[in-house]
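**Q** Kindly generate the complete structure, drawing on both the sequences and the hints.
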Amino acid sequence: MGSYCELYLDSYQIDTTKSYINPFWSCIFKERDRISRQVHFSKYYTEAIFDTDLVPTNEYCSKVSIIKKRLELLGYTLFKVKEHYIIRLKEQIEEAERDFEEYPFEYLQVDLKHFKRLLAGGFDYWVEIVREIMFDRKLQSWDIERGQGKDEDICIWAVDNEDMFLGFPEGSYGYFLRAVLEAADDRAELRLDITSLVYAGYYAEDESVCENTAKGQINSSREFEKIILLTEGSTDSAILSRSLNVLYSELSDYFSLMDFGSTKSEGGSSALERTVKSFAAAGINNKIIAIFDNDAAGQSAIKRLRSLLLPSNIRVIPLPVLQLGKNYPTTGPQGNTMEDINGRACSIELYLGEDVLFSNGKLIPVVWKAFEPKVNAYQGEIAEKDSVQNRFYQKLKEVEKNGLTEKKQWHDLQSIFESIFQTAGDM
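Sequential numbering from 2 applies to the sequence shown in the numbering used here.
These are computed hints drawn from the structure, not numbers from a lab.
All values reported here derive from a predicted model rather than from experimental measurement.
Please note: incorrect hints may appear among the correct ones.
EDC-like cross-link-like pairs, simulated, lysine to aspartate or glutamate; straight-line CA separation at most 20 Å [as the list claims (entries may be wrong)]:
{"#": "1", "residue 1": "LYS81", "residue 2": "GLU419"}
{"#": "2", "residue 1": "LYS81", "residue 2": "ASP125"}
{"#": "3", "residue 1": "LYS70", "residue 2": "ASP186"}
{"#": "4", "residue 1": "LYS216", "residue 2": "GLU206"}
{"#": "5", "residue 1": "LYS402", "residue 2": "ASP356"}
{"#": "6", "residue 1": "LYS70", "residue 2": "ASP427"}
{"#": "7", "residue 1": "LYS83", "residue 2": "ASP125"}
{"#": "8", "residue 1": "LYS83", "residue 2": "GLU183"}
{"#": "9", "residue 1": "LYS117", "residue 2": "GLU102"}
{"#": "10", "residue 1": "LYS117", "residue 2": "GLU92"}
{"#": "11", "residue 1": "LYS64", "residue 2": "GLU7"}
{"#": "12", "residue 1": "LYS227", "residue 2": "ASP34"}
{"#": "13", "residue 1": "LYS64", "residue 2": "ASP11"}
{"#": "14", "residue 1": "LYS64", "residue 2": "ASP34"}
{"#": "15", "residue 1": "LYS44", "residue 2": "GLU206"}
{"#": "16", "residue 1": "LYS83", "residue 2": "GLU171"}
{"#": "17", "residue 1": "LYS375", "residue 2": "ASP341"}
{"#": "18", "residue 1": "LYS81", "residue 2": "GLU171"}
{"#": "19", "residue 1": "LYS64", "residue 2": "ASP254"}
If you anchor each label on the Cβ, the simulated ranges turn out as follows [unchecked claim]:
{"#": "20", "residue 1": "ASP207", "residue 2": "GLU95", "range": "50 to 60 Å"}
{"#": "21", "residue 1": "LYS396", "residue 2": "LYS117", "range": "54 to 64 Å"}
{"#": "22", "residue 1": "GLU102", "residue 2": "ILE285", "range": "41 to 51 Å"}
{"#": "23", "residue 1": "GLY333", "residue 2": "ASP186", "range": "47 to 57 Å"}
{"#": "24", "residue 1": "GLU399", "residue 2": "LYS227", "range": "20 to 30 Å"}
{"#": "25", "residue 1": "ALA371", "residue 2": "VAL247", "range": "29 to 39 Å"}
Backbone N, C-alpha and C define an ideal beta-carbon position, used for all residues, glycine too.
**A** What follows is the structure, encoded as structure tokens:
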């Protein structure tokens, strides 16, 4: 007969599959999300299977806020979801109108009415209905079939119509899942219950179900592949890799940073520019984001790369605008001045927090060097770079050991990751 697993948003059963999990679920759950609880045997069995009435569950569970971020990394942004909602409803209205002209059946007329109501109400209207069903009235799909929802005819039709799920138009599963999360509080939980599949022998109790499923799908869809981050050198890569684990541990499994140490790769903006061109020529399918320093050399390289026809899965971005850099001490042929160093001298060291940028009570200055004609600006570099890095690594080591308690001095690094996340979602 087979056994089933279920996907729940808090207590609402969103979906179910037989014998094996939906591969897409392995995109949004990671092994770090694996949990086990003790519940009464009646949840899964007709009689106790152990000496007690309790049985352990096998589940993956994560907060809605985390699942939203993971879906956005995969490209299912809220903007795209809203756009998809409107486009697909308009297409379905056109299809239903054509069908009704040829076959004037009553069910097609009913479909048209519901399509038009959902389109007129907009995405927020759909979210309101879902929130009513799942959280206000705590209904299940079988309750909706009996017409207990807020908008009875839409709720009944949403279940019966094979092209919709709760009234959301068909399309990629990721669009629906990202949409339905808008109806939930960020503290709510998305939970994948595979207990019955484990007890039935489809998966071993200690098997890494989501990880193994994702590995099995890695050659079939970009959604299952890691996002590759390319940087200008080993320092940038090490800083971003360790900081990602500190600031966004729940997202770290979605990224792979080039290990310059093991490959002995050359560093710098010119080397990164050549690497991007090589990746483009190699036809690699992963999403690739190349992160250049926010300085004159980086801006010059980005300008050259953006003039090329890079594949759609490759993006080149600079480090984001640095607020501290808008009025920063510099030194050069014209003496000591306070200047905006964005686009001219913002390497990753400038984003490591003011607590590591001070020496003898003063901000360590930027020293002006070569002129970059491509962007008509001088290239600058922070003095005492090694000292800044060493202070940061000490700060990082303490946080890795004791946990992050104060985020103020990590704000600029967070802005780098937010830029990366947005770029990945837009691709």
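**Q** Would you mind marking each hint as holding or not holding in the structure?
**A** Taking the hints in turn, this is what the structure says about them:
no., hint, verdict
1, LYS81 - GLU419, "holds (18 Å)"
2, LYS81 - ASP125, "holds (14 Å)"
3, LYS70 - ASP186, "holds (14 Å)"
4, LYS216 - GLU206, "holds (18 Å)"
5, LYS402 - ASP356, "holds (19 Å)"
6, LYS70 - ASP427, "holds (13 Å)"
7, LYS83 - ASP125, "holds (9 Å)"
8, LYS83 - GLU183, "holds (11 Å)"
9, LYS117 - GLU102, "holds (17 Å)"
10, LYS117 - GLU92, "holds (11 Å)"
11, LYS64 - GLU7, "holds (17 Å)"
12, LYS227 - ASP34, "holds (18 Å)"
13, LYS64 - ASP11, "holds (10 Å)"
14, LYS64 - ASP34, "holds (10 Å)"
15, LYS44 - GLU206, "holds (18 Å)"
16, LYS83 - GLU171, "holds (13 Å)"
17, LYS375 - ASP341, "holds (19 Å)"
18, LYS81 - GLU171, "holds (14 Å)"
19, LYS64 - ASP254, "holds (16 Å)"
20, ASP207 - GLU95: 50 to 60 Å, "holds (51 Å)"
21, LYS396 - LYS117: 54 to 64 Å, "holds (58 Å)"
22, GLU102 - ILE285: 41 to 51 Å, "holds (48 Å)"
23, GLY333 - ASP186: 47 to 57 Å, "holds (53 Å)"
24, GLU399 - LYS227: 20 to 30 Å, "holds (29 Å)"
25, ALA371 - VAL247: 29 to 39 Å, "holds (34 Å)"
Of the numbered hints stated above, none is contradicted by the structure.
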